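2 protein chains.
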Amino acid sequence: MAAAATGDVKLLGHRMSLFVTRVQIALNLKKVGYEFVQVEVHGQKSEILVKSNPVYKKIPVLIHQGKPVCESTIIVEYIDEMWTSEPHILPSHPLDRAVARFWAAYIDDKLLALLKALAVEAAEESSKAETVDQVTEVLQLLEDAFAECSHGKDCFGGDTIGYVDIVLGSCLGWIKAVEEMENVRLLDEKKVPLLVGWAERFLQDKAVKEVTPEIDEYVKYAKMISASAR
Amino acid sequence: MAAAATGDVKLLGHRMSLFVTRVQIALNLKKVGYEFVQVEVHGQKSEILVKSNPVYKKIPVLIHQGKPVCESTIIVEYIDEMWTSEPHILPSHPLDRAVARFWAAYIDDKLLALLKALAVEAAEESSKAETVDQVTEVLQLLEDAFAECSHGKDCFGGDTIGYVDIVLGSCLGWIKAVEEMENVRLLDEKKVPLLVGWAERFLQDKAVKEVTPEIDEYVKYAKMISASAR
Numbered sequence: 001m002a003a004a005a006t007g008d009v010k011l012l013g014h015r016m017s018l019f020v021t022r023v024q025i026a027l028n029l030k031k032v033g034y035e036f037v038q039v040e041v042h043g044q045k046s047e048i049l050v051k052s053n054p055v056y057k058k059i060p061v062l063i064h065q066g067k068p069v070c071e072s073t074i075i076v077e078y079i080d081e082m083w084t085s086e087p088h089i090l091p092s093h094p095l096d097r098a099v100a101r102f103w104a105a106y107i108d109d110k111l112l113a114l115l116k117a118l119a120v121e122a123a124e125e126s127s128k129a130e131t132v133d134q135v136t137e138v139l140q141l142l143e144d145a146f147a148e149c150s151h152g153k154d155c156f157g158g159d160t161i162g163y164v165d166i167v168l169g170s171c172l173g174w175i176k177a178v179e180e181m182e183n184v185r186l187l188d189e190k191k192v193p194l195l196v197g198w199a200e201r202f203l204q205d206k207a208v209k210e211v212t213p214e215i216d217e218y219v220k221y222a223k224m225i226s227a228s229a230r
Numbered sequence: 001m002a003a004a005a006t007g008d009v010k011l012l013g014h015r016m017s018l019f020v021t022r023v024q025i026a027l028n029l030k031k032v033g034y035e036f037v038q039v040e041v042h043g044q045k046s047e048i049l050v051k052s053n054p055v056y057k058k059i060p061v062l063i064h065q066g067k068p069v070c071e072s073t074i075i076v077e078y079i080d081e082m083w084t085s086e087p088h089i090l091p092s093h094p095l096d097r098a099v100a101r102f103w104a105a106y107i108d109d110k111l112l113a114l115l116k117a118l119a120v121e122a123a124e125e126s127s128k129a130e131t132v133d134q135v136t137e138v139l140q141l142l143e144d145a146f147a148e149c150s151h152g153k154d155c156f157g158g159d160t161i162g163y164v165d166i167v168l169g170s171c172l173g174w175i176k177a178v179e180e181m182e183n184v185r186l187l188d189e190k191k192v193p194l195l196v197g198w199a200e201r202f203l204q205d206k207a208v209k210e211v212t213p214e215i216d217e218y219v220k221y222a223k224m225i226s227a228s229a230r
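Chains as they are written, first to last, in our numbering: chain A, 1 to 230; chain B, 1 to 230.
One chain only, chain A, in its complex shape (with noise of 0.2 angstroms):
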């Protein structure tokens, strides 16, 4: 299918939202053209906002063709479902389409909260190491579950860039972002090898790099974030 028409896509997003990424990422693999909208999302949320996603008014939402899409991860299967071409993003098999939606949903389940917790939450010092312990845990599962899904290829998604790597990819800026605040080691080569590896690769992809922040634009975020929260 063609690339579709700059103004039949539109993205409501802010450029340091995480979700948002994952969707850029998506619509840049499949090369479809869209137009970013960027959104209030603190205090009075915008209009257009409120009204694509009365239930969450949450970012991101894809508006296609005048439809509304909520939520990043069903918007990214939208997008493979609705843009046909390659690269698909979904395996093809639904054994391993299951493994990547597990993995995809524990990194939300999980990973974000612990990151949520490390990058903008005021903890006590003890706390946080614990936390970080946790991180590591999760990361070392992760590890696991690349070696399972890449079959010894570049990606989760074996050789391009697929579900779990765009979803876990999205991360990479506020892990890297945690270990500068923190000043910890959280992608440490000496027990997750393959992830180090695999992060490099990723955040070299075009795709990937036109839409990821800096990282030093994440920590000033999420100083701004904790700061407005106390």
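No wet-lab data here; the hints were simulated from the structure. Be aware that a few hints might be false.
[To be verified] Here are the computed lysine-lysine pairs in the BS3-like style, where the Cα-Cα straight-line distance is at most 25 angstroms:
1) B:128 with A:110
2) B:57 with B:67
3) A:57 with A:116
4) A:45 with A:67
5) B:191 with A:51
6) A:45 with B:51
7) A:110 with B:191
8) A:110 with A:57
9) A:191 with B:10
10) A:51 with B:110
11) A:67 with B:110
[What the hints assert, rightly or not] Covered stretches of chain A, as calculated for chain B (at least 3 residues, CB under 8 angstroms):
12) 70-78
13) 82-96
It should be emphasised that the depicted structure is a prediction, and the values quoted were computed from it without experimental measurement. Every residue gets a Cβ at the ideal spot worked out from N, C-alpha and C, and that includes glycine.
With the hints as your guide, set chain B onto chain A.
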């Protein structure tokens, strides 16, 4: 595709788990024969469960040709993709699929936590009344979702039971148990008439009826869990 021979498909579960019920309904709809393996989920968990779902150690786990698939909604999608004969569980159009996935995630995210609070957690009467109000709001949104998804037909999935029917329908036993235990009306004909009609039809379907426990079984089970948690 022909129905799988029993032996190919094992389901690790427990009769009272609504997550397991979802998988059973999907297997029944697709006429897939399976062996039900009741496992221990409290205290010392069954070895086959720990081995098949080492990350969460939770039911349900579908084991198909020796390979485990975990997490109820992921299993239901797997079943739909693996046994491709009718009835289809997910809609065919990407937008309808995204909408179905959105409401399924909403049910798991919002409704289940509220039902759990009412069914098994000890709480003050005033806090319970507040939770009941929240359930009412959630059901109101789902009433609107039914109008949107069903296109005037019998099910969220249109003419036949689909993804949202299974995900919400599996909660009906718990909803009715909470109505009985708390002496409240949640599925109120005056507030959510479409859902009330849908629920009656859903529970009469053969694929559903034979795997859904009676309300008094749920009540008994909720009291047992509640007592053991104190």
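Taking the numbered hints from earlier one at a time, note which ones the structure violates and give those numbers from smallest to largest.
Of the numbered hints, 1, 6, 7, 9 do not hold.
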